[in-house]
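Generate coordinates for the entire structure from the input sequences, incorporating the hints supplied.
The listed protein sequences derive, respectively, from chains A and D.
To convert, count from 1 in the first sequence and add 34; that's this note's numbering.
To convert, count from 1 in the second sequence and add 5; that's this note's numbering.
Accuracy of the hints is not assured; some may be wrong.
[Stated by the list, open to error] Every beta carbon over 10 Å from chain D, so not counted as near; a handful from chain A, in silico:
no. : residue
1   : 97
2   : 102
3   : 155
4   : 164
5   : 180
[What the hints assert, rightly or not] Quick list of the computed label-pair ranges, beta carbon to beta carbon:
no. : chain 1 : residue 1 : chain 2 : residue 2 : range
6   : D       : 119       : A       : 71        : 30 to 36 Å
7   : A       : 89        : D       : 156       : 25 to 31 Å
8   : D       : 35        : A       : 186       : 30 to 36 Å
9   : D       : 133       : A       : 93        : 51 to 57 Å
10  : A       : 138       : D       : 155       : 25 to 31 Å
11  : D       : 60        : A       : 160       : 34 to 40 Å
12  : D       : 147       : A       : 97        : 31 to 37 Å
13  : D       : 171       : A       : 93        : 21 to 27 Å
14  : A       : 160       : D       : 35        : 55 to 61 Å
15  : D       : 154       : A       : 159       : 23 to 29 Å
16  : A       : 110       : D       : 140       : 31 to 37 Å
17  : D       : 196       : A       : 134       : 29 to 35 Å
18  : D       : 196       : A       : 178       : 45 to 51 Å
What the hints contain is simulated information worked out from the structure, not anything from laboratory work.
Ideal Cβ positions, reconstructed from N, Cα and C, are used throughout, including at glycine.
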Amino acid sequence: MNRLGILFAAGAALAMAGNASATPAAAGSAAAPLAVSNAWIRLLPGDLPAGGYATLRNTGDQALRLTSAHSNAFRMVMLHQSTHGKGMESMHMVSGIDIPAHGEVTLAPGGYHLMLMHRSRSLKPGDTVTITLKLADGRQQDAAFAVRPANAH
Amino acid sequence: MRIRMLLAFALLPLLAACAPSQHWELTSIKGHMPDLKFQLTGDQGKTLTAADFRGKIVLLYFGYTHCPDVCPLAMTHMHMVMQKLGPVADGVRILFVSVDPARDTPQVLHDYVNAFDPRAVGLTGDDDAIRALARRYRVAFTRGKPDAQGNYDVTHSSGIYIFDKQGHARLIATSSGDIDAMVHDIRQLAGASQ
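Following this line, the structure appears as structure tokens:
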């Protein structure tokens with residue numbers, strides 16, 4: 035695991051230590067071998083839903099499956115995928131995103147993304163939002179997402 | 006000699022404009038789609054028609070604001086094109102037509118389009134007027150069933166329709182396409198229809 039991963043894991047452990055309601059599945063289990071990088075949120079005006087993007091790298095020997103995410107900055111976070119075909123764009127919810135062993139998956143505009151809805155607090159570009167990524171095996175990982183303006187690219 | 010060369014250079018743009026076949030990077034739809042025509046409500050609350058945009062090159066895109074991924078991608082794409090166009094962009098307008106007028110009020114649209122580019126205009130209106138404009142350019146969209154929170158998804162066409170200063174449909178681009186191709190063609194359009 036790289037240093038960044040260890041830092042995130044330490045952060046997650048601290049967060050759980052201070053939170054008595056941490057899910058039992060996560061408590062006591064090893065940190066997920068998931069390195070998160072280039073994590074950012076495209077912030078839209080008002081309370082319009084925002085897209086969350088990141089590169090997720092599985093540093094372990096076993097496939098991982100991201101099944102949900104949550105954040106104290108948004109009341110609802112969903113895993114979404116945009117697809118296009120026959121000149122049509124559509125977006126739909128997905129039940130999980132597989133990350134192969136020693137492989138990576140990129141959540142990027144026009145593909146997989148986190149759909150972040152209903153802000154719990156006001157946000158502005160430059161802020162950092164912590165998003166907890168939850169895996170099918172119950173392990174979870176916190177990641178810091180940089181809040182960027184609507185026309186960030 | 007020098008004068009003759011200068012003259013030749015001065016005539017070059019004219020020659021280019023008269024050339025029988027210009028090279029377009031994007032897909033030409035000249036003669037295949039009708040002229041720009043609509044009557045909708047602008048993001049400042051005023052009625053706007055296609056006539057308000059005569060003299061401008063128009064980039065027409067259909068989307069909705071509760072679309073966190075592909076619509077911002079398209080708007081950012083067009084914003085980057087505008088940045089690359091430099092002063093030419095002053096003669097270009099991005100028209101973002103909402104296919105979700107129930108949620109996209111002029112105020113919501115105003116904040117939305119301006120978050121991307123100051124030369125973007127949001128258009129909304131009654132469903133019939135929007136459907137008529139979409140049909141005109143064979144743009145399809147469907148709205149999904151609302152969930153318990155009243156949220157719903159919209160499926161929509163991904164094309165960016167480009168009109169010249171006279172409102173003639175000229176080119177179609179996609180938000181996943183090459184930025185330089187759009188910049189090249191818009192520059193050519195700006196020069197050709199002056």
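Worksheet item: If you check the beta carbons of residue 196 of chain D and residue 134 of chain A, does the distance land in 29 to 35 Å?
Response: violated (50 Å)
Worksheet item: If you check the beta carbons of residue 133 of chain D and residue 93 of chain A, does the distance land in 51 to 57 Å?
Response: holds (55 Å)
Worksheet item: Between residue 154 of chain D and residue 159 of chain A, does the C-beta distance stay in 23 to 29 Å?
Response: holds (26 Å)
Practice prompt. Kindly confirm whether 30 to 36 Å is satisfied by the beta carbon distance between residue 35 of chain D and residue 186 of chain A.
Written response: holds (34 Å)
Worksheet item: Is 30 to 36 Å a correct range for the gap between the Cβ atoms of residue 119 of chain D and residue 71 of chain A?
Response: Holds, at about 31 Å.
Item to complete: Return holds or violated for the Cβ distance of residue 196 of chain D and residue 178 of chain A against the range 45 to 51 Å.
Response: holds (47 Å)
Discussion item. Minimum C-beta separation from residue 155 of chain A to chain D exceeding 10 Å: can you confirm that?
Written reply: holds (18 Å)
Worksheet entry | Assessment of proposed distance window 21 to 27 Å (beta carbons of residue 171 of chain D, residue 93 of chain A) | Since residue 171 of chain D and residue 93 of chain A have Cβ atoms about 58 Å apart, the given range 21 to 27 Å is violated.
Worksheet entry | Given as non-interface: residue 164 of chain A, which should sit over 10 Å from chain D by C-beta | holds (19 Å)
Discussion item. Taking the Cβ atom of residue 110 of chain A and the Cβ atom of residue 140 of chain D, is their distance within the range 31 to 37 Å?
Written reply: holds (34 Å)
Worksheet item: Taking the beta carbons of residue 60 of chain D and residue 160 of chain A, is their distance inside 34 to 40 Å?
Response: The hinted range 34 to 40 Å holds for residue 60 of chain D and residue 160 of chain A, with Cβ atoms some 39 Å apart.
Worksheet item: Using the C-beta atoms of residue 138 of chain A and residue 155 of chain D, is the stated range 25 to 31 Å upheld?
Response: Violated, at about 36 Å.
Consistency note: the structure conflicts with the earlier hints numbered 10, 13, 14 and 17.
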